[in-house]
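Residue numbers for the sequence shown follow numbering that gives the first Met the number 0, so the first one is 0 and each next one is one higher.
It is worth saying that the hints were derived from the structure and are not from the lab.
Glycine is no exception: its CB is placed at the ideal position from the N, C-alpha and C atoms.
Please note that the accuracy of each hint is not assured.
Beta-carbon label-pair distances, calculated as ranges [what the hints assert, rightly or not]:
(1) 164 <-> 207: 24 to 30 Å
(2) 13 <-> 124: 34 to 40 Å
(3) 188 <-> 59: 32 to 38 Å
(4) 175 <-> 209: 23 to 29 Å
(5) 179 <-> 90: 25 to 31 Å
(6) 112 <-> 79: 26 to 32 Å
(7) 179 <-> 203: 42 to 48 Å
(8) 109 <-> 167: 32 to 38 Å
(9) 18 <-> 206: 29 to 35 Å
(10) 182 <-> 210: 41 to 47 Å
(11) 169 <-> 25: 24 to 30 Å
(12) 179 <-> 91: 29 to 35 Å
(13) 105 <-> 17: 18 to 24 Å
(14) 20 <-> 83: 36 to 42 Å
DSS-like mimics (lysine-lysine), calculated; alpha carbons at most 25 Å apart, straight line [said to hold, decoys possible]:
(15) 17 <-> 207
(16) 207 <-> 16
(17) 14 <-> 207
(18) 61 <-> 17
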Amino acid sequence: MQKIQQIYDHYLGNKRKKFQFVLYLFGIIISSLGLALLFKSGVGVAPGDTVAFGLSERFNIKVGYFLIAGFIALVLINAKIEGKRPRFESILPILLRGLSLNVWLYTILGEEKLELIWAQWSVFSLGVFLLGLGIAVYLRSPFPHIPVDHFMVVVNQRTNQSKRFVRILFEGGLALLGFLLGGWEVVGVGTLITALFLGPIIQFFFEKSDFIERLGHTNKTRSDSVLE
Numbered sequence: 000m001q002k003i004q005q006i007y008d009h010y011l012g013n014k015r016k017k018f019q020f021v022l023y024l025f026g027i028i029i030s031s032l033g034l035a036l037l038f039k040s041g042v043g044v045a046p047g048d049t050v051a052f053g054l055s056e057r058f059n060i061k062v063g064y065f066l067i068a069g070f071i072a073l074v075l076i077n078a079k080i081e082g083k084r085p086r087f088e089s090i091l092p093i094l095l096r097g098l099s100l101n102v103w104l105y106t107i108l109g110e111e112k113l114e115l116i117w118a119q120w121s122v123f124s125l126g127v128f129l130l131g132l133g134i135a136v137y138l139r140s141p142f143p144h145i146p147v148d149h150f151m152v153v154v155n156q157r158t159n160q161s162k163r164f165v166r167i168l169f170e171g172g173l174a175l176l177g178f179l180l181g182g183w184e185v186v187g188v189g190t191l192i193t194a195l196f197l198g199p200i201i202q203f204f205f206e207k208s209d210f211i212e213r214l215g216h217t218n219k220t221r222s223d224s225v226l227e
């Protein structure tokens with residue numbers, strides 16, 4: 000009980016931290032909506048999510064469950080590479096992302112496909128916007144992150160390559176596998192557009208949301224760039 004109390008005090012010990020946590024939840028849930036809209040548009044999802052969507056199309060299982068399984072696997076892979084204990088605290092954002100994506104995609108938005116080109120690209124544009132906003136807000140919050148972000152950092156440290164290069168290589172491989180699994184339903188022109196523009200959108204909102212980090216009154220400093 001004392002350990003639980005210490006964790007609570009560390010993360011939610013005052014009103015400012017509670018507000019940070021609300022923004023953290025908002026970021027994850029709104030980024031899930033963005034991801035759902037990308038799929039609904041029919042022009043391609045973000046590269047890093049293509050495998051989960053491809054498996055969902057292939058096996059007719061809700062995509063959020065594949066995301067959860069993949070993220071948990073990354074937690075174990077990260078621990079193996081680093082030689083440290085698995086970051087099981089990442090289970091919270093993993094479950095939030097996967098389950099909220101299922102709610103958006105299968106309950107709220109429904110499974111009907113968009114046919115009109117202008118509607119597809121309008122929904123796609125809104126999806127990229129919300130995905131970038133949500134990721135930036137949740138990254139600014141001092142709570143556990145989805146393990147794919149940590150994986151990029153680990154590989155970057157091990158290979159001495161830039162974060163941008165590691166991300167391009169990683170997501171390019173996922174996009175190829177996602178295409179083989181789900182075809183053009185998953186990987187399309189929108190996937191390439193997302194690969195090119197999602198990073199700058201995240202960076203823009205990351206810089207604009209620095210107030211979230213200041214709420215915690217921590218002396219810990221972070222890089223102003225999440226895409227170095």
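The hints, checked one at a time:
{"no.": "1", "hint": "164 <-> 207: 24 to 30 Å", "result": "holds, 26 Å"}
{"no.": "2", "hint": "13 <-> 124: 34 to 40 Å", "result": "holds, 38 Å"}
{"no.": "3", "hint": "188 <-> 59: 32 to 38 Å", "result": "violated, 25 Å"}
{"no.": "4", "hint": "175 <-> 209: 23 to 29 Å", "result": "violated, 36 Å"}
{"no.": "5", "hint": "179 <-> 90: 25 to 31 Å", "result": "holds, 29 Å"}
{"no.": "6", "hint": "112 <-> 79: 26 to 32 Å", "result": "violated, 40 Å"}
{"no.": "7", "hint": "179 <-> 203: 42 to 48 Å", "result": "violated, 33 Å"}
{"no.": "8", "hint": "109 <-> 167: 32 to 38 Å", "result": "holds, 34 Å"}
{"no.": "9", "hint": "18 <-> 206: 29 to 35 Å", "result": "violated, 20 Å"}
{"no.": "10", "hint": "182 <-> 210: 41 to 47 Å", "result": "holds, 43 Å"}
{"no.": "11", "hint": "169 <-> 25: 24 to 30 Å", "result": "holds, 27 Å"}
{"no.": "12", "hint": "179 <-> 91: 29 to 35 Å", "result": "holds, 32 Å"}
{"no.": "13", "hint": "105 <-> 17: 18 to 24 Å", "result": "violated, 31 Å"}
{"no.": "14", "hint": "20 <-> 83: 36 to 42 Å", "result": "violated, 25 Å"}
{"no.": "15", "hint": "17 <-> 207", "result": "holds, 20 Å"}
{"no.": "16", "hint": "207 <-> 16", "result": "holds, 19 Å"}
{"no.": "17", "hint": "14 <-> 207", "result": "holds, 22 Å"}
{"no.": "18", "hint": "61 <-> 17", "result": "violated, 31 Å"}
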